[in-house]
Amino acid sequence: MKTTEKRTLHPTICPYCSLGCGFFLELEEGKAVGIRYMPEHPVNEGSLCPKGNAAPDILNHPDRLKYPLLKTENGWKQLEWEEALSLAAEKLGTARKENGPNSLAFLGSAKCSNEENYLFQKIARLLGTSNVDNCARLCHASTLIGLGKTLGAGAMTNPLADLSNSDCVFVIGSNFAENHPAVARQVLRAKDKGAFVIVADPRLTPTSWLADLTLRLKPGTDVALLNGMMHVIVNEGLLDRNFVREKTEGFPGLEQALQRCCPETASRITGIPPSEIIKAARAYARAGAASIVYSMGITQHISGTDNVTACADLALLCGQVGRKGAGVLPLRGQNNVQGACDMGALAEFFPGYGKVGDAEAAGRLKTLWKTDKLPEKPGLTATEIAEAAGKGKLKALYVMGEDLVNSHADSSRVREALESLDFLVVQDIFMTDTAEYADLVLPAAAWAEKEGSFTSTERRVQWTDRALSPPGEAKPDIEILLLLAEKLGLGLPYRTAGDVLAEISGAVPSYGGMTKERLKKGFGLIWPCPDSSHPGTPVLHVGRFKTPDGKARLIPVEYQSPAEIPDPDYPFLLTTGRVVLHYNAGSMSRRSKALLEKEPGLFVEIHPSDAKAMEIGEGNRLVLETRRGKTEATARLTGKIGPGVLFMPFHFPGTNVLTGDALDREAKIPEFKVSACRIRRE
Amino acid sequence: MPEAVYADLSRCIGCRACELACERENKSSRISVKVLSGLAAAPVSCRQCEIPLCTAPCPKGALSCENGKLEYEAENCTGCGLCTLACPFGTAVLRAGIIERCNLCPGMETPACVATCPAGALIYTEPGSLGENIRQRRAKRMNRALEPPAPAGRRAE
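The listed protein sequences derive, respectively, from chains U and P.
Read in the working numbering, the first sequence has 94 at position 92, and its numbers run on one by one without any break.
Read in the working numbering, the second sequence has 82 at position 77, and its numbers run on one by one without any break.
One thing to keep in mind: the hints can contain errors.
[Stated by the list, open to error] Derived BS3-like pairs: lysine-lysine, alpha-carbon spacing no greater than 27 Å straight-line:
no., chain 1, residue 1, chain 2, residue 2
1, U, Lys595, P, Lys145
2, U, Lys326, U, Lys99
3, U, Lys68, U, Lys489
4, P, Lys39, U, Lys614
5, U, Lys548, U, Lys326
6, P, Lys145, U, Lys195
7, U, Lys73, U, Lys326
8, U, Lys93, U, Lys68
9, U, Lys99, U, Lys281
10, U, Lys614, U, Lys595
11, P, Lys32, U, Lys33
12, P, Lys39, U, Lys8
13, U, Lys522, U, Lys368
14, U, Lys595, U, Lys33
15, P, Lys145, U, Lys281
16, U, Lys379, U, Lys642
17, U, Lys357, U, Lys249
18, U, Lys368, U, Lys548
19, U, Lys326, U, Lys93
20, U, Lys600, P, Lys39
21, U, Lys395, U, Lys357
22, P, Lys32, U, Lys600
23, U, Lys614, U, Lys632
24, U, Lys33, U, Lys379
25, U, Lys281, U, Lys595
26, U, Lys553, U, Lys357
27, U, Lys326, P, Lys32
28, U, Lys523, U, Lys326
29, U, Lys523, U, Lys33
30, U, Lys642, U, Lys632
31, P, Lys32, U, Lys8
32, P, Lys145, U, Lys642
33, U, Lys33, U, Lys518
Simulated from the structure, these hints should not be mistaken for lab results.
Whenever a hint applies, use it, and build me the whole structure from the sequences.
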């Protein structure tokens, strides 16, 4: 199809993953009819993954929510906005008055803009509770804590394009070829220049296809592998002594702890031959510039924070941080998960990562918000919110753009928890499984139907303008929140997203120099950007770290086994992850006909030897059962996973019925990646 | 040799973005990604053959080739399907009585599948240059492998 005169092109940012890829939406008579590529965009250089190609399907979808809906005995009843918002304000107000502010909880959205998340947490905190969190708790909470305590900033250190300058790319627990496909072009570019690529993953994935060395470790044994590599590096004198001496603290402790972690020990735990651990260690340490790329294979464990810490230790030990091509790159999940965290939609952090409970951070915010009272204690995290609701400790929950029924672990318990709430508001673009439990559903605008800024995984803050109108009476989340705030009597002084951004630049130091006008120019700004003349900071930790004394911390961590390991009752180890054609809880990707046709349902990968022993054939329906629940899936036989291991994508409702909610002690992220499981043929 | 869409199999990550892009632009996908032995992914589309075998069996001349350019006249097509049998790559697909094959997205500078490829695995080129590209890349990598490793701890900032 050619672009005719009737069609206009509108630049936008992809609403799916966290890479922040740019493209043009093709519009005709106010409808999104196609896509044109944007070769000049620095992240994706014109390319788009299958989900990006299918993004307009969301905008035109017949399932979109169009009117506020109230649950009644006779099903859903359409409401006027005025009535709906008055009801929401009244219910929140009553619960607060009768049971105190901490009987309320708020789940923000890593799919919504910075301005919306800022406003959302501000409303929660002005109402007197810090029970506000977002789905980062389920994907990279351990990154915030782990990188925070080692490097001083819980974010990706180098931009994605900088990967092409690496001489060694060490990928651990990330299947970027499926989950962040545009990263592949940068890694391949590095390879073309001679880089050595190591991929550590229990499964063979399309990312492994790009590797020079694949390390197939047992799920949940990442710390053992990383410690084993560091042992080799220290023993063979491959560490960067000058860097360790001048820029870090804590080496003696780490050195001592590493003595116990020889490659043979690491091999026994991980299942990787010692020679490969040594090879990986040498390749990483000897490279002129090396990067570590990791994702949820590292973070979603009870040892998530330890895993992240070990990654940072490895990089620091070899001086592979703070230079071109050298860094630690956590690939985050949602298009604005970095932003939602920066904006303080987190139980323990105010905007800009001031700790809740820290008087100085609270003081600054009180002045800015012109209030004399702010919550003094960290609130409940996303996982704790569901738990508290189940125990009847929460009365009202406000969910903005999050399908916790499908995204949280142990979803049967989440369903029970939602049922025990007095009042649940869900603001979303589709009637998700979570919205089905709501008392009140508010129809929101999708990404291209509103304006605002989004922060990608590489800390790039980009502004998108409104391209088209939302369907029916759906409203941008920011408008809904402002109207609600008015009903709650909070009197917030903004009219547009630009006004909110102006306040953000005062509240979040790294956004200090960001204005709508600056973000719209070029392809946004990479934080920290502290003042209006600052050009942004693509590479973090150059010269000094973001700790008070400028030195990074080397913190030894010890391997601990996953919370639930296979036993005679549940002999298989079930791990979960993503596939290229679907996205997270699937409320968007499962509604795209083109995507769903190619990947229509829930499947489980099983090793051919296990399948043979259990007389399971390709395509058989299996019943999978864990201590939490059971679900059905179609068998796929593949040697890409090890014997005794099962893999399921979490884009379909069945998967998280099975997963466990054992939490990392620091970051409180659930261990989605390891559950003990049994199977039988249906 | 005519230009066509080629895939560098060492780069293809099997994501099927090309299929999605083609489907959006042409209503149905004329490129398909086959995954072999678990990991190796091979996108296949019309090779734009110089002497296209698909035209040979066409009973009414609906599919013909002049000056290296494949022409298709739907009104003469009987939908017999002989062309789909004749194509050695299986890239001519008969759908609802109409032959669908890659026409390289006329009107676009680059075919949509090539433009969208996240890994840069698809190349729109004439086949003569393909080998040269791969040879050069290999040579570069070998050259790097022959360099002595950088001494740890003393690298240039």
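Given the hinted pair lysine 39 of chain P and lysine 614 of chain U, is their Cα-Cα distance within 27 Å?
25 Å, holds
For lysine 73 of chain U and lysine 326 of chain U, compute the direct alpha-carbon distance and say whether it is at most 27 Å.
Violated, at roughly 55 Å.
Within a Cα-Cα threshold of 27 Å, do lysine 281 of chain U and lysine 595 of chain U meet the stated pairing?
Violated, because 45 Å separates the two Cα atoms, which is more than 27 Å.
Sort out whether lysine 357 of chain U lies within 27 Å of lysine 553 of chain U, counting only the CA atoms.
The hint holds at about 20 Å.
Does lysine 145 of chain P pair with lysine 642 of chain U here, judged by a C-alpha cut-off of 27 Å?
31 Å, violated
Given the proposed pairing of lysine 33 of chain U with lysine 379 of chain U, does the C-alpha separation stay at or below 27 Å?
47 Å, violated
Starting from lysine 39 of chain P, check that the Cα of lysine 8 of chain U is at most 27 Å away, please.
37 Å, violated
Sort out whether lysine 281 of chain U lies within 27 Å of lysine 145 of chain P, counting only the CA atoms.
22 Å, holds
Lysine 548 of chain U paired with lysine 326 of chain U [C-alpha distance capped at 27 Å]
It holds: about 18 Å lies between the C-alpha atoms, which stays within 27 Å.
Within 27 Å, alpha carbon to alpha carbon, are lysine 642 of chain U and lysine 632 of chain U?
24 Å, holds
Given pair status - lysine 368 of chain U, lysine 522 of chain U, alpha carbons within 27 Å:
30 Å, violated
Under the criterion that the straight-line Cα-Cα distance not exceed 27 Å, is the pair lysine 523 of chain U, lysine 33 of chain U satisfied?
Status holds; Cα separation ~26 Å.
Of the numbered hints listed earlier, those contradicted by the structure are 1, 2, 7, 9, 10, 12, 13, 16, 19, 24, 25, 27, 32.
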